[in-house]
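There are 4 protein chains.
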Amino acid sequence: MPVLARLRDRLGDGALRGRRLAVVVHLEAKTACLVLALQEAGATVVAAGSNPLSTQDAVVAALAERGVEVHARHGVSQEEFTADLLRVAESGAELVIDDGLELTRRMAEHRPDLYAQLRGVSEETTTGVARLRALEAEGLLGFPAVAANDARCKHLFDNVYGTGQTTLTAILALTNVLAAGRGFCIVGYGWVGRGLAKAAHGLGGRITIVEIDPVRALTAHMDGHNVAPLARALEDADVVITATGLVEALDASSFAHLQDGVLLANAGHHDREIDVPALAAQADETIEARANVTTYVLGDRRVHVLAGGALVNIAGLDGNPIEIMDLSFSVQALSIHTLASGELPAGVNEFPAELDDLIARTKLETLGIELDEPTEVQERFRSAWMV
Amino acid sequence: MPVLARLRDRLGDGALRGRRLAVVVHLEAKTACLVLALQEAGATVVAAGSNPLSTQDAVVAALAERGVEVHARHGVSQEEFTADLLRVAESGAELVIDDGLELTRRMAEHRPDLYAQLRGVSEETTTGVARLRALEAEGLLGFPAVAANDARCKHLFDNVYGTGQTTLTAILALTNVLAAGRGFCIVGYGWVGRGLAKAAHGLGGRITIVEIDPVRALTAHMDGHNVAPLARALEDADVVITATGLVEALDASSFAHLQDGVLLANAGHHDREIDVPALAAQADETIEARANVTTYVLGDRRVHVLAGGALVNIAGLDGNPIEIMDLSFSVQALSIHTLASGELPAGVNEFPAELDDLIARTKLETLGIELDEPTEVQERFRSAWMV
Amino acid sequence: MPVLARLRDRLGDGALRGRRLAVVVHLEAKTACLVLALQEAGATVVAAGSNPLSTQDAVVAALAERGVEVHARHGVSQEEFTADLLRVAESGAELVIDDGLELTRRMAEHRPDLYAQLRGVSEETTTGVARLRALEAEGLLGFPAVAANDARCKHLFDNVYGTGQTTLTAILALTNVLAAGRGFCIVGYGWVGRGLAKAAHGLGGRITIVEIDPVRALTAHMDGHNVAPLARALEDADVVITATGLVEALDASSFAHLQDGVLLANAGHHDREIDVPALAAQADETIEARANVTTYVLGDRRVHVLAGGALVNIAGLDGNPIEIMDLSFSVQALSIHTLASGELPAGVNEFPAELDDLIARTKLETLGIELDEPTEVQERFRSAWMV
Amino acid sequence: MPVLARLRDRLGDGALRGRRLAVVVHLEAKTACLVLALQEAGATVVAAGSNPLSTQDAVVAALAERGVEVHARHGVSQEEFTADLLRVAESGAELVIDDGLELTRRMAEHRPDLYAQLRGVSEETTTGVARLRALEAEGLLGFPAVAANDARCKHLFDNVYGTGQTTLTAILALTNVLAAGRGFCIVGYGWVGRGLAKAAHGLGGRITIVEIDPVRALTAHMDGHNVAPLARALEDADVVITATGLVEALDASSFAHLQDGVLLANAGHHDREIDVPALAAQADETIEARANVTTYVLGDRRVHVLAGGALVNIAGLDGNPIEIMDLSFSVQALSIHTLASGELPAGVNEFPAELDDLIARTKLETLGIELDEPTEVQERFRSAWMV
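Chains as they are written, first to last, in our numbering: chain A, 1 to 387; chain G, 1 to 387; chain B, 1 to 387; chain E, 1 to 387.
Simulated from the structure, these hints should not be mistaken for laboratory data. There could be a bad hint or two in this list.
Sample of chain B residues facing chain A (criterion: CB under 10 angstroms; computed from the structure) [what the hints assert, rightly or not]:
id	residue
1	Gly181
2	Gly205
3	Arg206
4	Ala220
5	Met222
Even glycine gets a Cβ: it sits at the ideal position worked out from N, Cα and C.
Put together the whole structure using the sequences plus the hints.
Following this line, the structure appears as structure tokens:
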């Protein structure tokens, strides 16, 4: 992670020294880089996974070996997952890197005492940022938070190119189906959805977008995709990918519209976008067809769910490329560093624009790409109304 | 303009009745629709062009015939242009639909007395919004303004698809060069620049992006384009298109890097992005090669400037498609209606999100495209932090 | 035309000296280059247009001024067109560059005496090559012909990139409709059709392909396009483009399926793919809406035909880019040179592969693009079965 | 394989009954379908792999269990591989489905007696077809052969979409690098190369093509790719993929131009396009970095070879999608059936066009896609020269 490496001096300036941080993100190999960079900057890090299905036990073990306190295990129940997160809370974390706000919201709910001691939260996902805003709207956000997801160096790259590529690659690698000519139904045309559409389209897929937001629907139309309501879209879909950031994007009422042989995969909010329990309840039979592919038999139709409905790129392959996580984790590291510096007011804050620029500039340097600078004439023009 | 037509009832609710509006936009055929819709809503409209090179005298005449006061003529000097705009100011306009803030900034500079009487300005372009913010930063914005350009229904469609397509079409129709394999240098990777890149790339062009913003440069790189500083980019460019929203994107110092036979076209801020006077001054000879193509001979190199450096899609062809202007002008009409209603505070305001949604929904209706609605479960999830 | 220019020595080696050539191609500006290159090589050229709607009278006049015998006039009737072609035949032409076999087939039909004296025909189009093969199948091809259309340097570039780009540009320039999100129905997925699909798709169009050939239909599907029978495809089409190389791709029975507001344009065989007379006969009213746009009113639907159903890129704009015609006419020039050299047997011949390579190499040189050469190991491998 | 299944009646018409067939193709899971379909048609099949690195021992075992005689083992030496193929020859095969002509050329070389008894060979690859033509040129092809690779239903789909997608997926799945913005050097712009370019480009890759054929180089240029000689192309390449159909596309002299960190993968002729032994000889150190990734240290540069230089999509993942192999193996099955029927003359034959059409039609039926039929007017036009 060359970008994160070049930020080392700034991270190590003392602001993080001795601070207790909780890092609650998908526990896959690349996460170790973030944790170790924060440790090196002087923080004490306690870690947990953000979803039991994406937790890799080997990574947990490796972090533990390096002296990191970790509370996570692959595939545990929701109760055990909550218990693990509360253990993280009890460890005295005052600053949190969160994903889906999984830790923070549980602290607010179950441990208001510890929640009251939080000094800052930096949130990784679209869903988590929405939850931060809901907390704020209810007057419950008494500390500064950063919408790290909304940093340009995060969502423009991680959500679009990273998740777009790896979700598609994971689906193709797990099933070896042909993308060319295949009908892809993508539910949600946010940053992730449009990355997915672009990737699937680039391999010859025929794309149909399902949306609830009118501007996004219109954008999808202008991008040359079909746009249809879910029920109609499913009737021509060979692959369905959820990317709404909400829950139950494919709910119990939708399964009647699925075609025989359809593949279902999730690229959105943890494992909650496909209602797999409802699907299992409707099924006549459930077959573990191959690794990470479960087949549900509904009458004469077979529906294949990838990676149990968890994020297919993380649970089914290796997550985002390291080049992407270098950007995303640089955002998180600088975000938590800014929170630790105590400069931000309570409430949801944007990630500071100059840090976004710094990360992008550093990345361009590592790529050997040069920028131009505005001329004096342009500088003057930019800041004046009269020229 | 079916979207604007469906908004007629809302526009005609009385808020605009008897108000004096100035409309300062490119005076090409479609502009008449906006002017007439505002008249029909009860307003008295005075019009002028936003740039002398894009003004079409036939449109001026047609508007005048319909009883609109117009102060504009194609190809006049900057002095005459300013004089025309001041005539508009003197007509008593209290609300302004502006483009590049050409009217508003002249009022602030030359007629502070009339400027003080303004009740609202709605601005069409990236450049104009920057100027509004400069006015605000200097404490000079005592009335409400709307950044209409930043409406999703404006910049996401007009700047990307409209200007992208029509700029490329204009260049190809004026010169009949082959896009496939051609080297396109696009200066600026904002909404316009990325629409241009997408369009040129779709016809087989090889794209190089020049940027001063690191995140945009990185985005261009991830979109598969080359990224280089201007001087280097020009050395391999067959076509150069400026789209910075600034001035002198191609300035006197850049011409030394141009290849023989290069085409220069502008899709950015009025006619100010290519320093044509400086180019003329460097040239050994100037040849009007064909309609809208001027050739400058610099030693053994020939440089062809399209449409005199004005917006090539407007000055060289028919501007944006009517479907696009239907969206953009619906934004402007609702924006000025909102300003007329007196609901907005002084300063730069965003275009109201619910109006953006209304326009997009109306457009989808005219296209026969259906949206889904969030389920109750999703609604609950969206507004809660605990679910 | 730098490629054609670099072939001058070869063309001028004497083989064409004193020979009488007929050149029957679209008489637009670039055609003059071919005619003059052949004259310079020593031939006597007699010219005519290949379709009355694409003939430009200014080009006819310019050629006549240069001493070329021309028999053509824009917009004449079929009878006059045939009479013009027979005048060309009577001029004593022994070698023909033909387009759609318009001259050759009329000679075979009306002047078998002159047809018997032909020494070679080089054919420009898919349709004309099919007609050559039909002549051959009937035992009527007693002289050598070259399927110039099938040269790689012709159909791979002219049909795909040239016609693809210029047809789309012509449609957009004539009508200023938005391509993004628009439904394009392309009838025929040969080289032209796939160039069109690629171009329209690159600007955000949604593509539906109509085919009668199963492999092409499957290719269109794998390229991510919709594939449907004509009647169904028309029901969702905003723009219909014919590119079959046949006749009546849109015939009288198809018009019932057209949507209100649809645009019809032809990129295929002369002006015969849209049955405009049948459409006019069905129409309640015919309106010349604007230059090159005729509107037919069928009940409550309006159907707009571009360029009278002639090749929209030639009749409605400037034809193919000069870079493309440089390749295509280099093929034609070398083809007729080869025929003049008397080396080819009677019947339909392929364009010699080494000449195709020569043209491509020459073009690459003008572009400054370098090729690799096979290594000795590779050369040995290529020609052996045992390595 | 629904297409192959629907051809069962035709295959089982008796022509294959009792015939001895050798099937020498990559022994991966899908191959079993072909072998069993041929058995079901009454043939006795003896099988071997076409390259030791792509042979999957589990598939060998499965075929053996079904009573197929198989001579193959993963990873054996060239000597053992040849010995296995000669065992196949000795089994009395009279008809061969070959790949790279691996069996046929060894029979010609080592067992001319058995070679003389061959009654037909159907060849799967570009390389193998070239070898067939070399045999024919030397007067050594005394029996009919079919260039199955050149069937439209084979190379247009298998080479383009199948190998394009799966090669890219394999590279991304094995290494998890980001495609967006990455420099891909593709050596060879035949059907495989252009499928690769399209796939990598669709995920945001920057493409440079290396070619020795001028028309292909020009096509790559017009498709918007960079074109450069190998040495220059390697200097900016992050990923190099060979797809020439030749040998030593990356030979000992090329390694000096490789960048640090580059990935090398092969999609072309067996494991012979990257000269891995030469690379190993130049390396200071060789590291098995992870499964299917070998790192060669050359001074301060690290070069990563995927799948040992074998076909990365087969040796590193699951080969082509089953939908693709359904088409390719339908070609092979009908090809060998035609050869068994004894209808073809000695020499290299094209795959019969009507069988190509049959396969495509059958595939379209399984997809529910409808074709149009030519009208009577069109039929007449197509077969006449006078209409």
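Legend entry - Cut-off 10 angstroms, beta-carbon criterion: hint that Met222 of chain B touches chain A: Holds, because the Cβ-Cβ distance from Met222 of chain B to chain A comes to roughly 4 angstroms (cut-off 10 angstroms).
Inset, instruction - Against chain A, run the beta carbon of Arg206 of chain B and see if the smallest gap drops under 10 angstroms. - result: With a closest approach of 5 angstroms, the Arg206 of chain B hint holds.
Legend entry - Status of the hint placing Gly181 of chain B at chain A (closest C-beta pair under 10 angstroms): Gly181 of chain B check passes; min Cβ-Cβ to chain A is 4 angstroms, inside 10 angstroms.
Legend entry - Satisfaction of the Ala220 of chain B interface hint, Cβ to chain A closer than 10 angstroms: Hint on Ala220 of chain B: holds, closest Cβ of chain A at ~9 angstroms, below 10 angstroms.
Legend entry - Interface hint for Gly205 of chain B, Cβ within 10 angstroms of any Cβ on chain A: Interface hint status for Gly205 of chain B: holds (6 angstroms vs cutoff 10 angstroms).
The structure fails none of the hints (numbered hints given earlier).
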